[in-house]
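Visitor: Chains as they are written, first to last, in our numbering: chain R, 1 to 315; chain G, 1 to 219; chain S, 1 to 483.
Since the hints were made in silico from the structure, they are not lab data. Nothing here was measured: the structure is a model prediction, and the numbers come from that model. Hints may be right or wrong, so weigh each one.
[Stated by the list, open to error] Okay, derived cross-link-like pairs now, SDA-like style, lysine to any residue, Cα gap no bigger than 25 Å in a straight line: (1) Lys-286/R x Gln-200/G; (2) Lys-98/S x Ala-152/S; (3) Lys-286/R x Asn-96/G; (4) Lys-300/S x His-212/G; (5) Lys-98/S x Arg-215/G; (6) Lys-269/R x Val-73/R; (7) Lys-98/S x Asp-206/G; (8) Lys-149/G x Leu-143/S; (9) Lys-98/S x Gln-200/G; (10) Lys-98/S x Val-95/G; (11) Lys-149/G x Val-183/R; (12) Lys-98/S x Phe-198/G; (13) Lys-202/S x Leu-114/G; (14) Lys-286/R x Phe-205/G; (15) Lys-149/G x Ile-276/S; (16) Lys-98/S x Lys-149/G; (17) Lys-286/R x Thr-203/R; (18) Lys-286/R x Val-95/G; (19) Lys-269/R x Val-183/R; (20) Lys-149/G x Tyr-148/S; (21) Lys-149/G x Lys-300/S; (22) Lys-98/S x Phe-197/G; (23) Lys-149/G x Ala-137/R; (24) Lys-202/S x Arg-298/S; (25) Lys-202/S x Phe-63/S.
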Amino acid sequence: MSWSELASQLFQTVLAIAGAPLLLGWVNQCRAWLQNRSGPGVLQPYRLLIKLLQKDAVLAQNASWLFRVAPYVVFACMVLAVSIVPLVATDLPFALAADVIALVGLLALARVFMALAAMDVGTAFGSLGARREMLIACLAEPALLMVFFTPALISQSTELTVIVDQLAHRELRLYPSMAFAAVAFVMVLLAENARIPVDNPATHLELTMVHEAMLLEYSARHLALMEWAHALKLMTYAAIGIALFAPWGIAEAGVWSMVPLAVAVLAAKLALAGAGLALLETLSAKMRIFRAPEFLGMAFMLAVLGMLTRILVQT
Amino acid sequence: MSVAAADVINLLASLLLLIAFAMLAQRRLLRLIHLFALQGFVLALNTAVVAATIGQAHLYFSAVLTLVLKVILLPWILHRLIDRLHVRWDVETQVNLSTIQLVGIVLVIIAFNLASPISQLAGTVTRGTLGIAMASVLLSFLMMITRRKAIPQVIGFLSMENGLFFAATSATYGMPMVVELGIALDVLVGVFIFGIFFFQIRETFDSLDIHHLERLKDK
Amino acid sequence: MIELLLVLGCPLAGALVLAFCGHRPAAFGLNMIASLATFLAAAVLTVRVIAGGPLVVLHELFFVDAFNVFLVALTAFVAFTTAVFSRVYMRVEQDRGKLSVGRLRLYHSMYQMFTFTMLVALLTNNVGILWVAMEAATLTTVLLVSLYRTPASIEAAWKYFILCGVGIALALFGTILLYLAAERVLGAGGTALLWTHLDAVKGELEPTVLAIAFVFLLVGYGTKVGLVPLHNWLPDAHAEGPTPISAVLSGLLLNVALYAVVRNKVLADGALGTHIAGHLMMGFGLLSVVVAAFFLSRQKDIKRLFAYSSIEHMGIIAFAFGMGGPVATFAGLLHMTAHSLTKSAIFFAVGHAAQKTGTQVIADIRGLIRTSPTVGWGLMLGSIAILGLPPFGVFASEFLILTTAMREHPWATPFLLTALGVAFAAVFSKVQGMVFGETTAQRLPLAPALFPVFIHLALVLVLGVYIPPYLAQWYRQAAAMIG
């Protein structure tokens, strides 16, 4: 591993960790504008994190080691996940350790810890949130894997950096299979990141919560880490989406001169993606929890359809 | 044939398959008719692109015929029907959507496998899309069997005919004009007769639920 | 050429005229006259073709050879006699208030239109137009099946429409595949769908495509023939529609659909070289005979009984055509004629019997011989004829089919014999109960039209006893064409 590669990896990881709350703030701000409110400003998540870090953590009396360790594990998993996805360059030594399938596994690890910790304290809402989260995950994970298989088939590899290299440098063509996979990916993104129409991130009614219900018992630094991890997860998914379906502008390995351009292009793409997400959320209504399997079933079908189209029609 | 044209044709074919799946899962009657009109439009566009690529003039006529019949005339008739039957905002309950979609995927695989020996023999540039045509025929057939109300069954029947038309275009650059005109006439008359039927069914059973029409047995 | 135009023009003109004045008292007679004109034109056409050989007319649009001209003559004849029957029958129905003005106009014009579409299907040279005409034949009769607007008839018509529609769509796919194979040999354009050209090059057509195409065509058109397991629409449609429609559906439409299958089988046989097409037809035919025979004993409605009998006989004919060879094909053609005439005669008698007793339930029809010996004897003789008793024509054709089967496919004979025996027992016992015993029938205000019944039965008797040489020659020519 050369210094250049290490520097590239470090740069991308730090950029992601620092920029994730900004992405979340941007999405919330866009939602506010679309709903004709003035909104809290794009830096609000940072203010939240600073406020939380200054407070004293309060733990339930029957909380075990799992409850205290979980935020750190989750945050670590998310940092690892985001450092595998090519953001500005395909020069990522960490990526050799994990391909897309392992990425899905990392996300699953984080989710399992979150769910177990939520059930650890024994509150009703914690178990509620944990069960719902696992239901959605059960259905979203196969869909996500199927979505990954289509670009993997096109580029003949499951490593994200190789996929991005292949896709970014192909001639500009229409790939219907990728179109199917893209729609399926957006649906999975909405489900996994607790956005409308699957889950309302701004709700305060516990019975309608899925993701928020698991965070009810956390406070101070633990809550800060969980919130940051949530933002990182959104960043990861957005980065995966951009890398798979709109990879132009990502710098090639070792070409440092392209990196500033790549950062600018990334910022523009994330801004666009965030605005698009806010638009989708504004246009949809949250659906009832028993409809979530249908929604994810549709995503799975679309992803399989994309894969079939690729295999059988070669397009 | 240029790569761009092949891409556009493949894209339109995939869109057709997507529409067939969407019709399978769609519960609202109005949106079903819109999807059917969209399917007709994609079909007409596809025929026009093929006509432009290989330069056969009769395919332009075919595209215009499809446009007039399946995008304008038939959806208009269906709109009038659902207005007069007062079922415009009908939402049909549908059980087992996931199972139906899984069966749909299996049918798509079967169709592709069935079509591959035939498409290798076809002499057209669009032969790769024969599998998609067969798949959309089978999906429309699945839609017909799994529906409870009369009008979605009929729309499934019409979309099966769309799939067959697409198969004809992709395998043989369309049938001879006289046959296509005959088929178009048959479809039009068929829809009229279906319309008359809906009123008869409604008059007799006070509902368009197909389960009322399953009483005749060897009694 | 002029006769062909008359054959097609008379029913079309009749349909147009009757669309406007079909409710007047004169309409019944007008319907009959239009059918008579069609029959006369068909007779002249037949004489011309038998004397002069096959005709290809009008820029190769129409093709008349021994096979379809005999079917054209049969169709025109049965359409005429059914129109004679319908003249009385429908008048009684109208007097009983079952038909309104609009429905009568629809009935008369669609009757002629139906004849027109069947004749187009028989005479066309273009396989695509054959498909269009078959679909049009379905469309014309759908509204007629639901003419009485009872819940049962609407259900029957809906099933008929949907099932036959799906079947026809499959047949369209088969036609597309046939066109695909033909295009490679004959080039693009209209000539690739012309049967005469296809027949000339059938050895060069791609075998795999033709095999798949024939399967789709068999399943598609086979739905309209009523082959099991695609027969679900048939008993309902034949039972719930007005009797003249049951007669033409049973007697004529099933024949035309089988004609479409056989024309395509000729092409498939030429292309494939093996007997797959024939074996498929034999399989479906045998299945139909056995299943229909076992269903016969369960029937409680007289028209459903004879509808299942139609399925059984179409199965026998399909089996015969599947076996192939001069004797079996000859027998198949003979059976087509005899079944058509006998089944329509039976439906005429059944129609009047149902009108006299006011019901279609077998248990409620009793003692027809007492009030109306002609209807009773018509039904009795018709049933005996259709069950294959000598000296009627059906016996002769079934005998030939069975002997050929014993010689070439002995494994099938036990099934055939058992099925025929079961059918005999079932139908005979029910008919005996209906014809003899204490009567529940009443007199009709009009004299029943039994002239057609006895003409048909007389013809079938003649066919059974002595086939005129020109007719035998005619069948042999057709059989040679089919191969």
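Visitor: It remains to establish, for every hint, whether it holds in the given structure.
Guide: Results for each hint:
| no. | hint | in the structure |
| --- | --- | --- |
| 1 | Lys-286/R x Gln-200/G | violated, 41 Å |
| 2 | Lys-98/S x Ala-152/S | holds, 15 Å |
| 3 | Lys-286/R x Asn-96/G | holds, 22 Å |
| 4 | Lys-300/S x His-212/G | holds, 22 Å |
| 5 | Lys-98/S x Arg-215/G | holds, 22 Å |
| 6 | Lys-269/R x Val-73/R | violated, 29 Å |
| 7 | Lys-98/S x Asp-206/G | holds, 21 Å |
| 8 | Lys-149/G x Leu-143/S | holds, 20 Å |
| 9 | Lys-98/S x Gln-200/G | holds, 16 Å |
| 10 | Lys-98/S x Val-95/G | violated, 41 Å |
| 11 | Lys-149/G x Val-183/R | violated, 30 Å |
| 12 | Lys-98/S x Phe-198/G | holds, 21 Å |
| 13 | Lys-202/S x Leu-114/G | holds, 23 Å |
| 14 | Lys-286/R x Phe-205/G | violated, 38 Å |
| 15 | Lys-149/G x Ile-276/S | violated, 40 Å |
| 16 | Lys-98/S x Lys-149/G | violated, 29 Å |
| 17 | Lys-286/R x Thr-203/R | holds, 11 Å |
| 18 | Lys-286/R x Val-95/G | holds, 21 Å |
| 19 | Lys-269/R x Val-183/R | holds, 17 Å |
| 20 | Lys-149/G x Tyr-148/S | holds, 23 Å |
| 21 | Lys-149/G x Lys-300/S | violated, 30 Å |
| 22 | Lys-98/S x Phe-197/G | holds, 19 Å |
| 23 | Lys-149/G x Ala-137/R | violated, 35 Å |
| 24 | Lys-202/S x Arg-298/S | violated, 45 Å |
| 25 | Lys-202/S x Phe-63/S | holds, 17 Å |
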